[in-house]
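S.K.: The lines below spell out each chain.
2 protein chains.
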Amino acid sequence: MTVALSTAQLIEKHRPTLDQALDAIRTRAYWSPHPEHPKAYGEGGSLAAHEGQAAFDALRGTRLDLGQPGTDGWTGDEVSPFGIELGVEYPHPDVDALLPAMRAGMPAWRDAGPEARAAVCLEILARISARTHEFAHAVMHTTGQAFMMAFQAGGPHAQDRGLEAVAYAFAEQTRTPGAADWSKPQGKRPPLELRKSFTAVPRGVSLLIGCNTFPTWNGYPGLFASLATGNPVLVKPHPRAVLPLALTVKIAREVLDEAGFDPNLVALAAERPEEGLAKTLATRDEIRIIDYTGSTVFGDWLEANARQAQVYTEKAGVNTVIVHSTDDYQGMLGNLAFSLSLYSGQMCTTPQNLLIPRDGITTDAGDKTYDEVVADLAAAVDSLLGDEARATALLGAIVNPQVGGRLDMAPELGEVALASRAVTHPDFPGATVRTPVIVKQDGARKQWDGTDADAPYLAECFGPVSFTVAVDSVEDAVALLRRTVRDRGAMTVGAYTTSDEVERLVEEACLEECAQLSLNLTGGVYVNQTAAFSDFHGSGGNPAANAALCDAAFVANRFRMVEVRRPA
Amino acid sequence: MTVALSTAQLIEKHRPTLDQALDAIRTRAYWSPHPEHPKAYGEGGSLAAHEGQAAFDALRGTRLDLGQPGTDGWTGDEVSPFGIELGVEYPHPDVDALLPAMRAGMPAWRDAGPEARAAVCLEILARISARTHEFAHAVMHTTGQAFMMAFQAGGPHAQDRGLEAVAYAFAEQTRTPGAADWSKPQGKRPPLELRKSFTAVPRGVSLLIGCNTFPTWNGYPGLFASLATGNPVLVKPHPRAVLPLALTVKIAREVLDEAGFDPNLVALAAERPEEGLAKTLATRDEIRIIDYTGSTVFGDWLEANARQAQVYTEKAGVNTVIVHSTDDYQGMLGNLAFSLSLYSGQMCTTPQNLLIPRDGITTDAGDKTYDEVVADLAAAVDSLLGDEARATALLGAIVNPQVGGRLDMAPELGEVALASRAVTHPDFPGATVRTPVIVKQDGARKQWDGTDADAPYLAECFGPVSFTVAVDSVEDAVALLRRTVRDRGAMTVGAYTTSDEVERLVEEACLEECAQLSLNLTGGVYVNQTAAFSDFHGSGGNPAANAALCDAAFVANRFRMVEVRRPA
Numbered sequence: 001m002t003v004a005l006s007t008a009q010l011i012e013k014h015r016p017t018l019d020q021a022l023d024a025i026r027t028r029a030y031w032s033p034h035p036e037h038p039k040a041y042g043e044g045g046s047l048a049a050h051e052g053q054a055a056f057d058a059l060r061g062t063r064l065d066l067g068q069p070g071t072d073g074w075t076g077d078e079v080s081p082f083g084i085e086l087g088v089e090y091p092h093p094d095v096d097a098l099l100p101a102m103r104a105g106m107p108a109w110r111d112a113g114p115e116a117r118a119a120v121c122l123e124i125l126a127r128i129s130a131r132t133h134e135f136a137h138a139v140m141h142t143t144g145q146a147f148m149m150a151f152q153a154g155g156p157h158a159q160d161r162g163l164e165a166v167a168y169a170f171a172e173q174t175r176t177p178g179a180a181d182w183s184k185p186q187g188k189r190p191p192l193e194l195r196k197s198f199t200a201v202p203r204g205v206s207l208l209i210g211c212n213t214f215p216t217w218n219g220y221p222g223l224f225a226s227l228a229t230g231n232p233v234l235v236k237p238h239p240r241a242v243l244p245l246a247l248t249v250k251i252a253r254e255v256l257d258e259a260g261f262d263p264n265l266v267a268l269a270a271e272r273p274e275e276g277l278a279k280t281l282a283t284r285d286e287i288r289i290i291d292y293t294g295s296t297v298f299g300d301w302l303e304a305n306a307r308q309a310q311v312y313t314e315k316a317g318v319n320t321v322i323v324h325s326t327d328d329y330q331g332m333l334g335n336l337a338f339s340l341s342l343y344s345g346q347m348c349t350t351p352q353n354l355l356i357p358r359d360g361i362t363t364d365a366g367d368k369t370y371d372e373v374v375a376d377l378a379a380a381v382d383s384l385l386g387d388e389a390r391a392t393a394l395l396g397a398i399v400n401p402q403v404g405g406r407l408d409m410a411p412e413l414g415e416v417a418l419a420s421r422a423v424t425h426p427d428f429p430g431a432t433v434r435t436p437v438i439v440k441q442d443g444a445r446k447q448w449d450g451t452d453a454d455a456p457y458l459a460e461c462f463g464p465v466s467f468t469v470a471v472d473s474v475e476d477a478v479a480l481l482r483r484t485v486r487d488r489g490a491m492t493v494g495a496y497t498t499s500d501e502v503e504r505l506v507e508e509a510c511l512e513e514c515a516q517l518s519l520n521l522t523g524g525v526y527v528n529q530t531a532a533f534s535d536f537h538g539s540g541g542n543p544a545a546n547a548a549l550c551d552a553a554f555v556a557n558r559f560r561m562v563e564v565r566r567p568a
Numbered sequence: 001m002t003v004a005l006s007t008a009q010l011i012e013k014h015r016p017t018l019d020q021a022l023d024a025i026r027t028r029a030y031w032s033p034h035p036e037h038p039k040a041y042g043e044g045g046s047l048a049a050h051e052g053q054a055a056f057d058a059l060r061g062t063r064l065d066l067g068q069p070g071t072d073g074w075t076g077d078e079v080s081p082f083g084i085e086l087g088v089e090y091p092h093p094d095v096d097a098l099l100p101a102m103r104a105g106m107p108a109w110r111d112a113g114p115e116a117r118a119a120v121c122l123e124i125l126a127r128i129s130a131r132t133h134e135f136a137h138a139v140m141h142t143t144g145q146a147f148m149m150a151f152q153a154g155g156p157h158a159q160d161r162g163l164e165a166v167a168y169a170f171a172e173q174t175r176t177p178g179a180a181d182w183s184k185p186q187g188k189r190p191p192l193e194l195r196k197s198f199t200a201v202p203r204g205v206s207l208l209i210g211c212n213t214f215p216t217w218n219g220y221p222g223l224f225a226s227l228a229t230g231n232p233v234l235v236k237p238h239p240r241a242v243l244p245l246a247l248t249v250k251i252a253r254e255v256l257d258e259a260g261f262d263p264n265l266v267a268l269a270a271e272r273p274e275e276g277l278a279k280t281l282a283t284r285d286e287i288r289i290i291d292y293t294g295s296t297v298f299g300d301w302l303e304a305n306a307r308q309a310q311v312y313t314e315k316a317g318v319n320t321v322i323v324h325s326t327d328d329y330q331g332m333l334g335n336l337a338f339s340l341s342l343y344s345g346q347m348c349t350t351p352q353n354l355l356i357p358r359d360g361i362t363t364d365a366g367d368k369t370y371d372e373v374v375a376d377l378a379a380a381v382d383s384l385l386g387d388e389a390r391a392t393a394l395l396g397a398i399v400n401p402q403v404g405g406r407l408d409m410a411p412e413l414g415e416v417a418l419a420s421r422a423v424t425h426p427d428f429p430g431a432t433v434r435t436p437v438i439v440k441q442d443g444a445r446k447q448w449d450g451t452d453a454d455a456p457y458l459a460e461c462f463g464p465v466s467f468t469v470a471v472d473s474v475e476d477a478v479a480l481l482r483r484t485v486r487d488r489g490a491m492t493v494g495a496y497t498t499s500d501e502v503e504r505l506v507e508e509a510c511l512e513e514c515a516q517l518s519l520n521l522t523g524g525v526y527v528n529q530t531a532a533f534s535d536f537h538g539s540g541g542n543p544a545a546n547a548a549l550c551d552a553a554f555v556a557n558r559f560r561m562v563e564v565r566r567p568a
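Chains E and G supply the protein sequences, listed in that same order. Just so it is clear: in the first sequence, position 253 is 253 by UniProt numbering, and no numbers are missing. Just so it is clear: in the second sequence, position 1 is 1 by UniProt numbering, and no numbers are missing.
If we strip away everything but chain E, and leave its shape as in the complex, we get (with noise of 0.2 Å):
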């Protein structure tokens, strides 16, 4: 093993980023060192559009050895949203081979200290994004993503969400000093002296399940967390959408082996088809951390049954958006218009349930009844997505013939206010491509209220289709809020009202439930969209996840600190 990065040149290189990281996530302020915009890549080693597209094209077809142990044999199948087969071949782990063999570069990792792993994880941050081009076909084949939402999201948020967790992870890493003098008085006696020292131990080996829909958004920060705190991690990616976490995995275990660690640390564990890998890793011994992003059902069944490790979930909820009065009707009805259309609303932030009162709202436009802001919002939509290629840039393709699913059966629950339509991508033309359906709901109290209650927009209906909720009165609105979130979790909501008191009651009811809470969106910011270093996204404290990205309890756990005493 050549030692080609020393730790002392990446914490040089590294350290100016991390200390604004650090100060970003105690000022909240925006902030991040991964650009947004296509094209400012392509200089300082970066690929260009061009170079990110060949990359991903010479992909197509190929087997990726990342030279991992224990490989019993190769699997992969993805196909993409977009209708093109990736034919890439995966490693397929021996895991009774594959995870001692991880193990292996921990005390070396762990030795190594917060700062000198910090650093080598903001070089495979900093490799990665160098290949934001390449990663945004990756993340656009694997998940259905249009190629600029797969390319922010995909790449610089994701990519500042792992750095966010790495800053995290940092900070309380280093709140203990490594060593400390302690000397206690004791009267005319001599005093009582011991040379402390502390080092934050990794757990053992953390496990990532990746989801379809986001896996480097989602898996990124569990997968910094883990590793900065000195464990091991090993990456399950969504049969449907390994691609990009395999890369990462390549980038990880490159610079790992580059800076003279175990490039072991970091590995895939690629599963066959119908093969159940993630419940057969998830109660390995030898598993201490797992991340997961998905349904609620394997959600439950992992914080039920992987007892032997901490378990991060992010499961599924249902987000609302109570709609009160506005001074910003069309601003409104295009911030909704847009966060419904957004990825086919294949977001685990985007709303569900619109609550109107029955009998209307107030608007700088007049007056409005329940059937008028529905019809505007229907409307609003419709004339987002009337052109064909601004609608295949925003809706992007149904990720899987689940959500098709769903939505062809939308229909049946309601009055439909806006039906889906079909629309053909100009350059896929297998792709699958959807405008969101809204289906009309009676909010009556005895709809939903009640342990027996069932209306359909009491469950989650992921994908495009959303309900407009006619509620009886704003307080029933902030009341079925409340039921919504007490039982099915909610990474976000929202609300419009210019009433100080209705924004009261529902900034308390957010509060009371643990939500977070966006009040009145009417430009460039939706509600499914969060920043990282400033927006927390989800709470932790509802039944839609477990934790929050990010803060320190989804840090602090992942690491103990061992104490060693001696007499002075």
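Treat the hints with care, as some may be off.
As the list makes no split between identical chains, a pair holds if one copy fits it or if it spans any two.
Simulated pairs of lysine to aspartate or glutamate, EDC-like, Cα-Cα distance not exceeding 20 Å [stated by the list, open to error]:
1) Lys279 x Asp181
2) Lys188 x Glu36
3) Lys184 x Glu36
4) Lys250 x Asp57
5) Lys184 x Asp23
6) Lys13 x Glu303
7) Lys368 x Asp476
8) Lys440 x Asp181
9) Lys279 x Glu51
10) Lys368 x Asp19
These aren't lab readings, by the way, just hints derived from the structure by calculation.
Fit chain G to the given chain E structure using the hints.
M.R.: Okay, now just chain G, sitting in the frame of chain E:
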């Protein structure tokens, strides 16, 4: 309700102490605001020795009315391990009435913010501190600790641990600012601007399940961590050790009330004999946090079944000391003899297994065979406890018949190196006072290596029973240490060695198995004692405990951060 204490005044009064505590947990230097010496009390409103005695005497045979709602009768039958009946009666809760009442004050307590909550907690601690002499008797006569230990461990040291938890809680809650302005550049267009507010919100009612041996020391960290992060705290004491926590609850309720908060934010849940109230409470939906110290069986049950709550447990462990070599043989023997004798070995931190090479050890007093080391240690304990007054002052009383039973059975486990003897307490003839027993054990690898090994020293034998285990080599000692920590957990590990190589081996074992290590203690610091603000109690990374006292992980998940975003 008359608000006698403004939170502004409380903040002004206590902020300097909070700042010192914040500084101490960062430097890990020695610090405490709570005097250890009994004579330090009696001025500035604190009770002097005779006043504390009188206050305790006045409590006996009374009904401690806390003014709690949801009281359905009275309970209490504590009998001191020193032989006297306390005769104090406590309210028995109607849980269906008490739990909702405890939630009523949550919004105002949340809105008070982290600094006001910390100040209120510090006022509670200050009033407890002023009554340290009274608490000392309450702790002594529920735990069996000798007076001086009950005074120090149950008084200032417990108060230190409570203050430490408040400091960690304050630090975690204030890492994110209360509000932030966020402005994201948009090239030539105007920036996106948001005003964000961040509020630390509580999880729900926190349940403290107290233990018999250290009701305040083990109870205060969880109690104050939860209260300082905005959660109501329901205190369910061990039925044999109610009084110290009942007094704590009474003081907390008084301070909350005077400061204008709902006193029901802290309440007592004393149980009827054989009621099993902890089990009932632990799975209630209102209970969102649980702190527990006690048996592994019930701790494991809580972790598996109280799924709606964050569960922090300190359970049983097997503590090991490796004796390899020393340059202060007498110091080592004296130090170990003290550790084995203090509170009759009834500390979760008391060493149980002393691993000694079969071929003997090297010391400044010449080479010593295994038998010589064991005989010299037995003699050291004998000498330490030879004087009856000193013996009772060190040993205290056997806390309950189960401990006495294990002590009586110990001679059946092997050759007795030091027999236990009964000591008559000069002041309390009804007390059960016993010196420790030391039993020799064969530590040949076949006795402990393998999944079916069942040597007595592989399980916890809580109380004044220790094993001198003859191992074949120091490498075997380290291997046995690893196995014991991994399978049974350990709150403490000790080692005596003059060899850098052996020190390195033991240190690596503790880093990998996640156990707190004390090396070569020969003076007035003992392996079973930890100091708040500097030492971690447990690691939270082995089976003895899933949390450490106190670190960020202990507090960071007791609250969640809720964000509200608005256009700027």
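S.K.: Against each hint, give a clear statement of whether it holds in the structure.
M.R.: Hints, one by one, checked against the model:
no.: 1; hint: Lys279 x Asp181; result: neither (46 Å within a copy, 43 Å between copies)
no.: 2; hint: Lys188 x Glu36; result: between (66 Å within a copy, 15 Å between copies)
no.: 3; hint: Lys184 x Glu36; result: between (54 Å within a copy, 11 Å between copies)
no.: 4; hint: Lys250 x Asp57; result: within (17 Å within a copy, 71 Å between copies)
no.: 5; hint: Lys184 x Asp23; result: between (35 Å within a copy, 16 Å between copies)
no.: 6; hint: Lys13 x Glu303; result: neither (39 Å within a copy, 44 Å between copies)
no.: 7; hint: Lys368 x Asp476; result: within (19 Å within a copy, 81 Å between copies)
no.: 8; hint: Lys440 x Asp181; result: neither (68 Å within a copy, 37 Å between copies)
no.: 9; hint: Lys279 x Glu51; result: neither (38 Å within a copy, 62 Å between copies)
no.: 10; hint: Lys368 x Asp19; result: neither (50 Å within a copy, 55 Å between copies)
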